[in-house]
Amino acid sequence: MNETLDSLRLAWPVALRNWTVFRKDFLANISPTLADPALMMTALGMGLSPYIGQIGGMSYAHYLAPGMIATTSLFTAFFECSYGFYVRMSFENIFKAMLTTPIGVAEIVLGEFIWLFIRASLMAGCVGLVLAGMGMVANPWVLPLFPLLGGLLALPCGAIGLIASAQVANINQFQTVYSFLIAPIFYLSGVFFPLGDRPVLDAITQISPFHHGVRLLQMAAWGTWNPGEILYHVAALLAFTGGLGYIAYRRIRLKLIS
Amino acid sequence: MPSATNPGDVIVRARGVTKSFGGFAALRGLDLEVRAGDCVGLLGPNGAGKSTFIGCLFGVVLRTGGELGIFGHDPAVNPRAIKRRLGVVPQENALDEGLTVEENMRVYARFVGLEKNAAEARLSELLAHMSLEHKRKDPIKTLSGGMKRRLTFVRALLSDPELLILDEPTTGLDPAVRHQLWDKVHAFRQAGRTVLLTTHYMHEAEVLCDRIVIMDKGAVVGSGPPRGLIERETPGFVGIFPGDASDRLRPLLEARPDWNAFAQGRNTCVRAPSLDDLMALQHQSGVTALQLRPANLEDVYLKLTGRGMEDDE
Chain A
71 MNETLDSLRL AWPVALRNWT VFRKDFLANI SPTLADPALM MTALGMGLSP YIGQIGGMSY
131 AHYLAPGMIA TTSLFTAFFE CSYGFYVRMS FENIFKAMLT TPIGVAEIVL GEFIWLFIRA
191 SLMAGCVGLV LAGMGMVANP WVLPLFPLLG GLLALPCGAI GLIASAQVAN INQFQTVYSF
251 LIAPIFYLSG VFFPLGDRPV LDAITQISPF HHGVRLLQMA AWGTWNPGEI LYHVAALLAF
311 TGGLGYIAYR RIRLKLIS
Chain B
3 MPSATNPGDV IVRARGVTKS FGGFAALRGL DLEVRAGDCV GLLGPNGAGK STFIGCLFGV
63 VLRTGGELGI FGHDPAVNPR AIKRRLGVVP QENALDEGLT VEENMRVYAR FVGLEKNAAE
123 ARLSELLAHM SLEHKRKDPI KTLSGGMKRR LTFVRALLSD PELLILDEPT TGLDPAVRHQ
183 LWDKVHAFRQ AGRTVLLTTH YMHEAEVLCD RIVIMDKGAV VGSGPPRGLI ERETPGFVGI
243 FPGDASDRLR PLLEARPDWN AFAQGRNTCV RAPSLDDLMA LQHQSGVTAL QLRPANLEDV
303 YLKLTGRGME DDE
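Those protein sequences? They're chains A and B, same order as listed. Counting from 71, one number per residue, gives the positions in the first sequence under the numbering used here. Counting from 3, one number per residue, gives the positions in the second sequence under the numbering used here.
Misleading hints may appear alongside valid ones.
As the list claims (entries may be wrong) - Listed next, the in silico BS3-like pairs over lysine-lysine satisfying Cα-Cα at most 25 Å (straight line):
#: 1; chain 1: B; residue 1: Lys150; chain 2: A; residue 2: Lys94
#: 2; chain 1: B; residue 1: Lys219; chain 2: B; residue 2: Lys150
#: 3; chain 1: B; residue 1: Lys118; chain 2: A; residue 2: Lys166
#: 4; chain 1: A; residue 1: Lys94; chain 2: B; residue 2: Lys137
#: 5; chain 1: B; residue 1: Lys305; chain 2: A; residue 2: Lys166
#: 6; chain 1: B; residue 1: Lys143; chain 2: A; residue 2: Lys94
#: 7; chain 1: B; residue 1: Lys219; chain 2: A; residue 2: Lys94
#: 8; chain 1: B; residue 1: Lys137; chain 2: A; residue 2: Lys166
#: 9; chain 1: B; residue 1: Lys150; chain 2: A; residue 2: Lys166
#: 10; chain 1: A; residue 1: Lys166; chain 2: A; residue 2: Lys325
Read the hints as simulated data drawn from the structure, not as lab findings. Bear in mind that the values here come from a model prediction, so they are computed numbers and not experimental data.
Working from the sequences, and respecting the hints, build out all of it.
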C-alpha cells in the first residue's frame, strides 16, 4: 500500500512536467483538437443532414455529435502517446534524466496516463461545450460527463500508442499503426453509422476500446440511458485500460531498462 | 530513514559484476569499492564498460551476475532507496529543451521530492554557485554547451546528494568551463561527499580523484591512487622522439632491454628510469626529443589497456 502511494506521489510530477510543456503552447495545442470536430460537424453533420433521413429518431448531425467527443479523445490519446511520448523518450531523452531520480518506469507510465486523462478530459470538455453551443446536447446536465468519459476513453487508446512507441523502429512507422489500426477503429466503431446489423463488424467492434467510449458518449449526449449497457461499456473500458496499460508498461520497461 | 554514512564507509561495493547484452559481455566480473568521502575515477577506452557499470548503480542497467550494493541496497531490487541519495550528471544532458532554466529545475525538483520553498532556495543558491543566475528565465535551447553542462550539475545537486555520479562530465567543454566544474567538484567533496566519475581526460582524473580505476573489456585492469599507480606501473621518465629517428635509436635501445619503447602515432616513446638516462640517449643518438617528461597517468593507461602500440579498436 505504501509502495502504491509512493508510486502515485512520484507519478504526479511526471504528469505536471507534461502540463508545464503543454501550457507553453496552449493555443497551438488545443486549436486543432477543437477545429477538427467543429469542421467535421459542419461538413458532415450540417452538410449531410438534409440528405440523410432520421437515424433512431434524430438528425444525422445529432447522431454524429457525441462521436466527435470520442474522436477528440482517441486522437489526443494516440498522438500524445505515440509521437509525443516517442519524442520524449527517443529524441529529448527526458526519461533518462527522470530515471536518475526516485522515479521508475512504473511512475513514468503512470504519470503519462494521469497526464493523458487530464489532457483528454480538457479536450473532451471543450468539444462538449462547442457541441452544446450547436444545440447537439439533449440535456446540459450531462456536460460534466463529457470530460470524465473522454478521459476514461483516452486511457486504453493511449495504451495502444505507448505500445506502438515501444515497438516502432523509427518515428515514421507510426503512420503504419495509424493506417492499419487507428483509422479503422475511428471509421468503423459507430461514430459515423449505427452498428447492430452487421454481425461480423459488430463482433469486431467489441474488441475496440474506442467503440465502448463512443457508446457511452452517445448515451450521454442523446439521453438514452440503459444501466446494463453503461455497466458493460465502463467495465470494458476499464478492462482494456488495465490489460493494455500493463502491456504498455512491460514494453516501455524493456525500452528504458537494459 | 536512510542511515547516514560515516567517512570511510563502503558506499559502492561491486563483486564480480557481469553484464551481457545478448551475446556481448559488457562487464566481465568487475570488482570495485567506493568509500564515503572518496573521489574515484573510472578510466578506460570506449566500450570498456564504464557507462554500463554506471547504469547498473541506479538500476537502468540490470546486471547479469555478481553482487552489487550501493548504500547497502541492491539496485536491481530497490533502486529507489539508492536514487534518493545520489545525483547523476549523465553523458547527455537530457535537459527539457522546450522549458526555461527555472521551469526545468522546478520540474526536476518535484521529481526528487523537494518542497516548493526548499526547492526555490536551493535553486537560487545553486544557480548563483554555477554562475547561471542571469539565465534563470531563458529557454534551455538558448544556452551554450558549457552553460547546459553547468545546469546539468545544478540539476544533479538539487537534492543535496551524498553520492555524485559524473559520466564524462567535461567532454567537449572548453578549458575555462572545465576548470570551473572541477572547482565545483572540489567544493562538493569538501563537504565530505563522495564522487564517482568516468572520464577520458587523464589530467582530469589526476586533478580530481584520489583513486583511479582503469577498466578494459569489462573488467578492472589496474587501480590505486594516481601517483601510486604511476610509480607502480610506469615509473620513471618518458621521452618522445620523432618517428624518422627510430633507426638511430634502435641499436641503443636494444642494449637496454629494461627500458620501455613503443610507437605512438608516428613518434617513438621511450620510458627510462631517470631523466639523465634520456639525456644520455639524446646525446648518444644525436636525436633531440620532442618532449621529455615524468611518466604520467596516460602512460599507465596506455600500458594497462594495451592501446600503446595499436589503434583504438
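A quick look at each hint next to the structure:
1. With a C-alpha separation of about 21 Å, the suggested pair Lys150 of chain B and Lys94 of chain A falls inside the 25 Å cut-off, and the hint holds.
2. At most 25 Å may separate the alpha-carbon atoms for a hinted pair to count; Lys219 of chain B and Lys150 of chain B exceed this at roughly 31 Å.
3. Using a Cα cut-off of 25 Å, the hinted pair Lys118 of chain B and Lys166 of chain A holds, with the two alpha carbons roughly 23 Å apart.
4. For the hint pairing Lys94 of chain A with Lys137 of chain B, the CA-to-CA distance comes to about 18 Å; that is within 25 Å, so the pair holds.
5. Annotation: proposed proximity of Lys305 of chain B to Lys166 of chain A is violated, straight-line Cα distance about 34 Å (limit 25 Å).
6. Of the pairs offered as hints, the one joining Lys143 of chain B and Lys94 of chain A holds, with about 15 Å between alpha carbons and a cut-off of 25 Å not exceeded.
7. Restraint check for Lys219 of chain B and Lys94 of chain A: not satisfied, since their Cα atoms lie roughly 46 Å apart, outside the 25 Å limit.
8. The hinted pair formed by Lys137 of chain B and Lys166 of chain A meets the criterion: a straight-line CA distance of about 24 Å does not exceed 25 Å.
9. A distance of roughly 16 Å separates the Cα atoms of Lys150 of chain B and Lys166 of chain A; the hinted pair therefore holds under the 25 Å criterion.
10. This hinted pair checks out: Lys166 of chain A and Lys325 of chain A have alpha carbons roughly 11 Å apart, not beyond 25 Å.
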